[in-house]
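Those sequence lines, one after another, are chains U and V. With the working numbering, the residue at position 391 of the first sequence is 395, and numbering never jumps. With the working numbering, the residue at position 282 of the second sequence is 286, and numbering never jumps.
Hints should not be assumed to be uniformly reliable.
Any copy will do: because identical chains look the same in the list, a pair fits if it lies in one copy or spans two.
Here are the computed lysine-lysine pairs in the BS3-like style, where the Cα-Cα straight-line distance is at most 27 Å [unchecked claim]:
(1) K473 - K249
(2) K473 - K349
(3) K249 - K91
(4) K91 - K349
(5) K473 - K91
(6) K473 - K401
If you're looking for bench data, these hints aren't it; they were derived computationally from the structure.
Protein chains: 2
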Amino acid sequence: MTRSALALAACLLAGSALAQTAPLPVPRRGAVAPAPVDPAVIALQDRAAHDDTAYAIVTGLTTQVGPRPDGSAAEGRARDWAVEQLKALGFANVHIEPYDVPTWQRGNESAAVVAPNPLPLHVAGLGNSAPTPPEGLTLPVAWFASFNDLLLAPPGSLTGRIAFVSNAMAPTQDGSSYGSEGRARFMGPSEAARRGAAAIVIRSIGTDHSRAPHTGVTDFAPGVTPIPAAALSVSDAENLERLVKLGKPVTLHLVLDDHQIGPRPSGNVVAEIPGTHPAAGVILIGGHLDCWDLGTGAIDDGAGIAITTAAARLLMGGGPHRRTIRVVWFGDEETGGFGGQAYAKAHAREPHALAAESDLGADRVWRFGTQFPESAAPLIPRLTAALERIGVVHGSKLVDGGTDVEPMLALGVSGIDLNQSALRYFDWHHTSEDTLDRIDPDQLRQNVAAWATALAILADAPEALIPAKP
Amino acid sequence: MTRSALALAACLLAGSALAQTAPLPVPRRGAVAPAPVDPAVIALQDRAAHDDTAYAIVTGLTTQVGPRPDGSAAEGRARDWAVEQLKALGFANVHIEPYDVPTWQRGNESAAVVAPNPLPLHVAGLGNSAPTPPEGLTLPVAWFASFNDLLLAPPGSLTGRIAFVSNAMAPTQDGSSYGSEGRARFMGPSEAARRGAAAIVIRSIGTDHSRAPHTGVTDFAPGVTPIPAAALSVSDAENLERLVKLGKPVTLHLVLDDHQIGPRPSGNVVAEIPGTHPAAGVILIGGHLDCWDLGTGAIDDGAGIAITTAAARLLMGGGPHRRTIRVVWFGDEETGGFGGQAYAKAHAREPHALAAESDLGADRVWRFGTQFPESAAPLIPRLTAALERIGVVHGSKLVDGGTDVEPMLALGVSGIDLNQSALRYFDWHHTSEDTLDRIDPDQLRQNVAAWATALAILADAPEALIPAKP
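Next up, chain U with everything else stripped away, as it sits in the complex (with noise of 0.2 Å):
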C-alpha cells in the first residue's frame, strides 16, 4: 500500500472525507437477535477454509515473477503472467489496460558514518528521491527526535546539512500509526529541503528492528526542489541515534544513484465473472500488481490479488450472480496511484455496485465498515452476522477504500473495508523482506473466506447499491 501524504492523513487521522455520507453503525447493545446466515455462505466459507488457490497465486508470482516496480520490465512481465493465471482460474474478459507511468528507478546507494567512528548503514532511497552527486555527499548531520521537530527547524537552518528524522513507528492493529509517523516519509523530505538540507535521511517507516530499510514514495511540493532522500533501516537508525548522543559532530556519506526516466508503460489487467443485471452495477474489487523493487511483493500486495481473485473464483462454482464481479490486478499503486486513476478514467461511466481492494497484507480479516446508500442498510446485518462467523467485527469506522479504489470511491460509488490486522504488516512493508515467507496460509484463507463471504451477499443482493441520483 502507499498513499499521498495529504490525502493519507486526511483518511487516517480524521476519517476518510468521501465516506461522511455513509450512515454510521448502530451500536447493538443487549441481546438482538442475528439476521440468518445463508446456508450456502456457510458452505462457502468451509470451501474457502481449505482452498489454496490464493496461496499457489500469490507463490507463482513471486517465484516466477519477483520484483515488478513500477514501469519496469518486470512488471510487463507481470502483467502477462497475470493474463495467462486468471484465464487459466476460468475468469471472462481476460485483458491489459495500458497506460504511462512517469518511472523512478532505483541505482547504487550506500551510507556510512564517517565520524567519529566509521559504521556502515544500511539504506535504501525513496521513491522520487534526487541522485546524489556520483562521488556521493559527506556531511554533518543534523538531528531531529521527530517530523514535527523538523517541522520547528526555521528556514535557512538546515543548508550543508543532511537532516535525520527518526521517530518511531509503533504497531497499530488497524496500521493508523503509518499515517502519523509515515509524515518523516511522506512529508519529510520535502519540509528539509524547503530549510536548505542538502539531503534527508529518515528511520524507516517500520515496526521492525532489523537492517531492512522500508522505502516508499516521498512527496515534494510543488515548487520544492527535490533532494537526495533515503530510509536508514531501523536497526541503523537507532545505531545513529546512540551515536548522536554520544555529543560529538556526526558526519554522513551518502550515495544514491537514483533518478527519473521518464514515463514508461504499465497497465492494469482486468478479469470478469459476468453478471444477468448489468444495471444492478459492477462489483470491482482487486489489490495491485506493481511492488517496491527491494522485495518480491509478497503481502504487499500479492496476497491482495490472490485474496480477492480466489475469492471471486469460489463464487464461480454457484451459478451466475446478479451482478458483474470484475477483478483487477492494478499496475501502479506504489507510485503515484496511476492504476486506479487509469482505470476511474476508462469505467467511470459503467455503473458500478462497489469498489474494494485488499491492501494491507495477508493476516486476518478483523473488522468490516461499510459505505452504503440507505437502500442498501438492510444488508448490514446479513454481512455482520455472517462475517462474525469467521471472526470479523463490524466496526464503526467509515470505509478507507485505498489508493486503487479510491478515485471510484470518491465518484460516490459504494465501498467495503475488509481490515486486515496491521500488527505484523509494517515489520516488513516496502523492504527486501517482503516476501513468501510472511505470509501465513492459514490466515490468507481466512481472508479468502471473508471476501468471499462479502462477495456472495453481495452480488446477488436485490438492495440497489447505486446512490439513488439526487
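Once you've looked at the hints, dock chain V against the given chain U.
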C-alpha cells in the same frame, strides 16, 4: 562462533574427545540434600540481576566500533577501544598480544536467476571463497537437497555447473543442528570442487526465513583448488528450490569479488584481576572481539566478551581472590581460530586452573557442564546448587569449550561450559542482523549472573583445579 568442519563435527556429534577424561556427572535420583549456597554468591547473583555493565559494553562496541572482520583496520580500532574500556573498568595488566592472521576480504557480490525467469537473489560469499571472473559466472544449476546428496554425486559430474545445496536447519537449544546441517558450508564447497563444480551456492546455515544470508568460513581440503562459494538467504534459497522443482533448467549468474589478501595484524586483548596464589592457576575466560563484516557482532561475540567481563568485574568488589582471573578478548576466531592458538602458544607454560568462553549469543544459560580433575569433584554440587537458583541445570554433557579455549583445553586444562539457549541464535548468526537489537537485556544479565556464580566459586575454591601430573 565458528569452527573448522571436522573439529565441529567431532565435538558436537560425538562429544569432544578432549573431554573424555572428565568424570560424568552422577544422575541424582530421589531427594538428595543440596549443597548449601554461599550467601556471598547469592548476593552476587542479586547484584548481577541489576548490573548493566555487559549491555553497556556490547552497546559501545556495536555503536562506536561496528563490524570488525579479521585482519581489518576496524579490528585494530576495536582493540584500541577494548584497552580503553578494560582499563576504565578497573582491570590490571591490560595489554594487546599481537599476531598476524591470513586475511580474506569480501568485495562486491551478487547473484540472480537468469532463466527460466529473472529473479535477484541475496547472497554472501563464504570465508575462503575464491573469486568469480570479474564479469561473473553464468551457468546451469545442479541441485542437491542436502549435503549428503552432494556426497553421492560422482566425480566430474558437476563440471560446468553451479552446485546448489539446500538442506534446512532446525533450531535446537544446544545448537547441535549447526554441526549436522552446517556441513554444507564447512565442507560443501570442497566436495563440490572435487566433483568439478565451477562454483557452489548453499542455503544459508540458519534457522530464520529472512533475506539476510549467513556467511562463515569454509575449508577447502588440502589439494583442492578453492572455487567461488556463497550462501543464499534462506528465503532466496527456498525461492530457488521452488523454481528448480518447476522442472525447467535453471541458470544462475554469480559474481563474487572476494580475495585472500595475505597476512594482516590481529591481536588478543588481555586484562586481569590478579590473584593471591599464583600456583593455584589462572582462570582464563573470555570471548572473541572479531566478527563477520556483515553485522556489528553483537551476539557473535560482543555478548561473550561483555558477559565474561561484566561477571569478572562483579568479583572485583569482593576483595582479592586466590586465583588470577584473566579476561581475554580474543582476536581472530571466525576465520581460523588464530587468536586462541596465539594465546596457547604464548601462555601454555603458565599454570591454568580453568579455560572457558562464552560464544553462543546472549540468550539465557540453561545448562552447565564441567571437565574437572577428580580433585575438583566437590565443586560440582556447589556449582549445581548455586546455578540452579538462576535456572541453570547440570547437564550430563561433557564440555565443548569453543574455538578460543580449545587449544588450552587440549593441553588438559579444566573447563566449564555455561550453555546458552541457541534456539534464536542461528536466526541471526553471521548475518547483517547480528546487531544490538538481538540482545535481550534481561537474558544478558542472567548470563552475567551465571558466570559470576561460577567465577566466585572457582576463584576461591580450595580444591585443586590443575590435574596432578601422572
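Against the structure, the hints come out as follows:
In the homo-oligomer, the alpha carbons of K473 and K249 never lie at most 27 Å apart, since the shortest distance is 61 Å inside one protomer and 56 Å across protomers. When the C-alpha separation of K473 and K349 is checked against a cutoff of 27 Å, the pair qualifies only within one copy, where the shortest distance is 20 Å, while the shortest distance between copies is 92 Å. Within a single copy, K249 and K91 get their C-alpha atoms only as close as 58 Å, which misses the 27 Å cut-off; across copies the closest is 23 Å, which meets it. Taking identical chains as interchangeable, the C-alpha atoms of K91 and K349 lie at most 27 Å apart only when both belong to the same chain, with a minimum of 25 Å there against 71 Å between chains.
In this assembly of identical chains, the alpha carbons of K473 and K91 never lie at most 27 Å apart, being 36 Å within a copy and 82 Å across copies at closest. In this assembly of identical chains, the alpha carbons of K473 and K401 lie at most 27 Å apart only when taken from the same copy (25 Å versus 80 Å across copies).
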